Structures are given as structure tokens and as C-alpha cells.
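Student: The residues making up each chain are set out below.
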Amino acid sequence: MNQKAKMEIAVGAFIVFGILALLMLALKVSNLTILSGDDGYELKAGFDNIGGLKARSPVMMAGVRVGQVSNVVLDLESFEAVVTLRIFSKYNNLPKDTSASIFTSGLLGEQYIGLEAGGEEQVLADGDVLAMTQSAVVLEQIIGQFLFSKAAGDD
Amino acid sequence: MAAMLSFFQQIGSKAFLSLARLGRAHIFLLRTFGALPSLWGEFRLVIAQLFSVGVATVQIIAISGLTVGMVLGLQGYTTLVDFGAEDSLGQMVALSLLRELGPVLTAILFAGRAGSALTAEIGLMKVTEQLPAMEIMAVDPFKRVIAPRFIAGFISMPLLAAMFSALGIIGGYIVGVGLVGVDDGAFWSQMQAKVDFYDDIMNGVIKSVVFGVVATWIAVYEGYEATPTTEGVAKATTRTVVHTAFAVLGLDFILTALMFGGL
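In order, the protein sequence lines correspond to chains A and B. Residue numbering for the first sequence follows our numbering, starting at 4 and increasing by one per position. Residue numbering for the second sequence follows our numbering, starting at 838 and increasing by one per position.
A portion of the hints provided could be inaccurate.
[Unchecked claim] Derived BS3-like pairs (lysine-lysine); straight-line CA-CA distance at most 27 Å:
1) A:K47 to B:K980
2) A:K31 to B:K980
3) A:K93 to A:K57
4) A:K7 to B:K980
5) B:K1072 to A:K93
6) A:K57 to B:K1031
[What the hints assert, rightly or not] If you want a taste of the chain B side facing chain A, the calculated C-beta under 7 Å gives, among others:
7) F880
8) I884
9) G891
10) L996
11) A1003
12) V1032
13) D1033
14) V1079
Don't read these hints as lab results, they were simulated from the structure. Given the structure is predicted, the values throughout are model-derived calculations rather than measurements. By construction, the Cβ of each residue, glycine as well, lies at the ideal position given by its N, Cα and C atoms.
Build out the structure end to end from the sequences listed, making use of the hints.
Tutor: Structure, rendered in C-alpha cells:
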């Protein structure tokens, strides 16, 4: 094998390994695999207070990830936070009266939406609004209430 | 009074020299861009440069990436375990590598390994009067010498940065999961949940493309502008490494502020 062929092989291997590294980053490290090819369907839910919920926060049901938050906006008429949830299309039989709550994973962890299935026969479809929601627990409010009741009890 | 005037004169002449240098560097870059289309069909020139610029840098990139990832894994674990958050180790290692350390360290190592070699090579071509000889033979040194090296650096940098980050994550995995006992599944799933393909990986690739252009530009320009003496080439090589480090770190701050700083 001559010098030129060796060089070309080395350059070819370099480019292939570089692209493989990029592919590994894309497929193994990023969320591309979670999202790719699955547009799912969208649900909306209004909350009085969403705490620290952001776009891309997970949506869980019974601890299993079933989708993610795709958008958060403030509704200027009701002054509620309207959260758009993108649910993976394989979870397409959630009952109509499914309720949504905002939970925190662990004591200091990130916030996520937990769905709880209801008992209705009809299922949710793209664009439906979740009627029953429970806002995020804001730690300051709880501490405030606790101190207030404590002070009231001391009298 | 006279001392003060000469003080201002010194500052003025320094500023003038730096501005003139910056201007020449940009004219040089434009001439390089102008020479790029002539490379079509001359792939052998580019492949030879990819070999000496890209392949030769793989070794140092691989070793550095692996060790940086291992250190990140160990140090990250020490801090995170205090908060019971060691499951987030994968996310921490991946984000620091993809957003910052991968592109920046690759560019600085590239300057030390490949950039200095480019400068010395072109500078010595000037010392031995190969560049004027080419011009006499009606061969444009920009088409023959500068453009292939420039495009090779431009192609190599993103590939090298990707290798750096990928090996760094593997290094973090070896230490985190293999050595200190982070859960295997949590390591990858936390990473996948928090690393966004467009926001994190593509922004890292954009960074490394920018650094690739800047680092190669500085290297070939310093070589082309070197004073054609032994000392001149030595100085130009040093300037390549120092200027690339400054340029990359400064640009990295601006790019980070634009991409992740919410500006």
C-alpha cells in the first residue's frame, strides 16, 4: 500500500469517526430520540399558578413520561396560565375527565405536570382542554399560611 | 509637554499599526474566500491538508476529551452527591461539554497542535522563497497553499469538537457509572431529558464552526505575514497560539451570551 492510499484511508476514517461522534451526540445524548417522528397531539390546561413550570418540562402519568410541555402563555381574560401539553401519540386513550396537577420531583427538583386518569368512556383528542387542574404548590405561600395560623392560634 | 506628546504619539502609532494589521488580515480572508472555488476538482490538495491538520490532531483531542470528561464526572459527583442529585451527573457533564468545553478546548488544542504547524509551514515557505517562486510561475499561492489549508481547518474543527464531546461524555460515564456508582439508566435518561438537539448540540456545532474559521484564519494569516527570518517565523508561531486563545475565549463569551444568555 502506498503512501497516498494510507493518507486517504486515514482522512476517510477521520471524517467517518467525526460524523459518528456527531451522530452519537444526536441520538444517544440529546432528546432527539424522545421527540423524533412523534408529533403526538396537543392538550390545553389552565392553571392559577404554574410555579416554575417551563416549556419542555415533562408530563407524567403514574410516573411514566407521556409527553412534554410545549408552550406556556398567560390568558389575558381569565389571568390564568394556559399550558399546552404535547402528548405522545401512543397514549391516545386518556379519558375525557383526566385531571392535571403540577408537582415537584423531589424536594428541590424540577416541576412537572402529573396527569391522573378519570373514569369516562370518551377519550381526549387533539386541542381538548383539561377541565380539572391543580396549581403548583408555592412553598412561600405554605410557609406564610403556617406562620399565620400559628400566630392566630397563640392568642 | 514633549513627554506627553510622545506618549500620545506612541499610543497612536500602536493603534494605527494594529488597525492596519486587522485590515490586512481581512483583505487576506477575502482573497482566501476568492480562491476557494478553484479548489473544486482539486480535492487531493484538501485531503493532504485534512491529513496534516485534522488526522494529526485526533490523538490529542481524544486523550484530552476523555480526561476532561473523567474529571468532570468525578468533580461533578463530589458536588452533586451533597444534594442527593448525583443522578443529574450525566446532564451536567453533557451540557458543559457540548455548550462550552468541547468547542473551546478543541479550538485551543487545535491552535497548539495544528495552527502552530500551519503558521510555521507557511512562514518557512516564505523564508525559503517558495511563495514568490510560485507567483513567478503564475501559480496563485492563495489557490495552491492558503485555500486548501483554510478549508481543511474549517472541516476539521466541528468533527474534532464532536469527537471531544463524545469522548468526554464517555469519560464521564466511565467515572460516574463505573467508578463512583451513579445509576446507569439515570445517567443517560437525565441527559436525554435535558439536552436539546437544537439548543445545545447544534449551538455547540455552530460555535465550533466559528472557532474553526477563526483559528485557521489566524494560523494561515500569521504564516503569510511572518517576517521571513528564523526569528520572524518563531514569533509568528507564538502569536498564532496566543491570538487564537484570546480570539476563541472572547468569541465564546459573545456566542454564549447570544445563544444561552437570553440577550
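Student: Take the hints in turn and mark each one as holding or not.
Tutor: Each hint tested on the structure:
no. : hint             : in the structure
1   : A:K47 to B:K980  : violated, 59 Å
2   : A:K31 to B:K980  : violated, 40 Å
3   : A:K93 to A:K57   : holds, 23 Å
4   : A:K7 to B:K980   : holds, 21 Å
5   : B:K1072 to A:K93 : violated, 64 Å
6   : A:K57 to B:K1031 : holds, 12 Å
7   : F880             : violated, 10 Å
8   : I884             : holds, 5 Å
9   : G891             : holds, 5 Å
10  : L996             : holds, 3 Å
11  : A1003            : holds, 4 Å
12  : V1032            : holds, 5 Å
13  : D1033            : holds, 6 Å
14  : V1079            : violated, 27 Å
Hint check: violations occur at hints 1, 2, 5, 7 and 14; the rest are consistent with the structure.
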